[in-house]
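K.L.:
The lines below spell out each chain.
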Amino acid sequence: NAGVTQTPKFQVLKTGQSMTLQCAQDMNHEYMSWYRQDPGMGLRLIHYSVGAGITDQGEVPNGYNVSRSTTEDFPLRLLSAAPSQTSVYFCASSPGQRANQPQHFGDGTRLSIL
Amino acid sequence: AQSVAQPEDQVNVAEGNPLTVKCTYSVSGNPYLFWYVQYPNRGLQFLLKYITGDNLVKGSYGFEAEFNKSQTSFHLKKPSALVSDSALYFCVGRRNTGFQKLVFGTGTRLLVSP
Numbered sequence: 005n006a007g008v009t010q011t012p013k014f015q016v017l018k019t020g021q022s023m024t025l026q027c028a029q030d031m032n033h034e035y036m037s038w039y040r041q042d043p044g045m046g047l048r049l050i051h052y053s054v055g056a057g058i059t060d061q062g063e064v065p066n067g068y069n070v071s072r073s074t075t076e077d078f079p080l081r082l083l084s085a086a087p088s089q090t091s092v093y094f095c096a097s098s099p100g101q102r103a104n105q106p107q108h109f110g111d112g113t114r115l116s117i118l
Numbered sequence: 048a049q050s051v052a053q054p055e056d057q058v059n060v061a062e063g064n065p066l067t068v069k070c071t072y073s074v075s076g077n078p079y080l081f082w083y084v085q086y087p088n089r090g091l092q093f094l095l096k097y098i099t100g101d102n103l104v105k106g107s108y109g110f111e112a113e114f115n116k117s118q119t120s121f122h123l124k125k126p127s128a129l130v131s132d133s134a135l136y137f138c139v140g141r142r143n144t145g146f147q148k149l150v151f152g153t154g155t156r157l158l159v160s161p
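Which chain is which? The protein sequence lines are G and W, in order. Just so you know, we're using the working numbering here: the first sequence kicks off at 5 and counts up by one. Just so you know, we're using the working numbering here: the second sequence kicks off at 48 and counts up by one.
FYI, nobody ran anything at the bench for these hints, they're computed from the structure. We put the CB at the ideal spot given by N, CA and C, even for glycine. Don't take every hint at face value.
Claimed, not checked - Quick list of simulated restraints, FRET-style, between CB atoms:
1. G:Val16 x W:Lys148: 41 to 51 Å
2. W:Lys148 x G:Gly57: 15 to 25 Å
3. W:Tyr108 x G:Arg102: 40 to 50 Å
4. W:Lys105 x G:Gln26: 46 to 56 Å
5. G:Ile58 x W:Ser160: 45 to 55 Å
6. G:Pro43 x W:Lys124: 46 to 56 Å
7. G:Asn32 x W:Tyr108: 24 to 34 Å
Modelling step: build the complete structure from the supplied sequences, incorporating the hints.
P.N.:
This is the structure we're talking about:
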């Protein structure tokens with residue numbers, strides 16, 4: 005049972021570099037989302053998708069892009085990394101839009117921007 | 048605006064003693080409420096949820112939570128704490144109509160001493 009897989013687990017970037025954080029799930033879940041976790045702030049929603057080809061912005065979308073070409077994959081792209089984007093990033097999925105479904109989280113990508 | 052509050056940054060308890068991690072919510076209508084646990088360098092894991100019905104909800108690892116509508120609270124409890132329960136706990140809320148985004152508390156660190 006792979007569940008939600010995130011790669012890489014750790015990454016260090018220089019300011020201005022771009023990169024893609026990968027997220028894949030093997031549960032055929034419709035709903036996928038990206039969060040960032042910062043100390044004392046809980047998790048904040050960056051972008052989400054309710055199905056292949058459909059994405060929307062969350063609370064803190066600036067500086068990030070997403071696409072959803074397949075049900076399984078939901079990559080997050082940092083266009084031009086900034087120190088403020090140093091954080092731990094979590095991908096999550098759930099079976100559908102029903103509000104009572106719990107989320108399944110990956111183990112995170114720890115990103116440092118120098 | 049919807050919000051979830053966890054008033055304690057940290058809760059300390061001795062092994063074998065009962066534990067309570069507090070959560071209050073401000074979610075309109077009849078909310079869905081969840082507790083998640085996060086161990087070091089891992090993603091969030093679902094513990095339990097309140098949807099409707101019985102106000103006492105039982106979940107994984109012996110945890111339970113009591114939904115109190117009049118006090119707008121959803122406190123997490125366990126009768127006898129284990130050292131292995133030491134982790135970061137998140138209370139999460141969601142409106143029960145249509146597609147609604149999750150609202151995270153800021154997290155409470157539980158430290159169980161031997």
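K.L.:
State for each hint whether it applies.
P.N.:
Now for the hints, and whether the structure bears them out:
In this structure the supplied range 41 to 51 Å is violated for valine 16 of chain G paired with lysine 148 of chain W, their Cβ-Cβ distance being about 30 Å. At roughly 20 Å, the beta carbons of lysine 148 of chain W and glycine 57 of chain G sit within the given window of 15 to 25 Å. Hint check: tyrosine 108 of chain W to arginine 102 of chain G, Cβ distance near 25 Å, so the stated range 40 to 50 Å is violated. The beta-carbon spacing between lysine 105 of chain W and glutamine 26 of chain G, approximately 36 Å, falls outside the hinted interval of 46 to 56 Å.
Range check, isoleucine 58 of chain G to serine 160 of chain W: Cβ separation about 48 Å, and the 45 to 55 Å hint holds. Range check, proline 43 of chain G to lysine 124 of chain W: Cβ separation about 26 Å, and the 46 to 56 Å hint is violated. In this structure the supplied range 24 to 34 Å holds for asparagine 32 of chain G paired with tyrosine 108 of chain W, their Cβ-Cβ distance being about 27 Å.
In summary, the structure is inconsistent with hints 1, 3, 4, 6 from the numbered list given earlier, while agreeing with the others.
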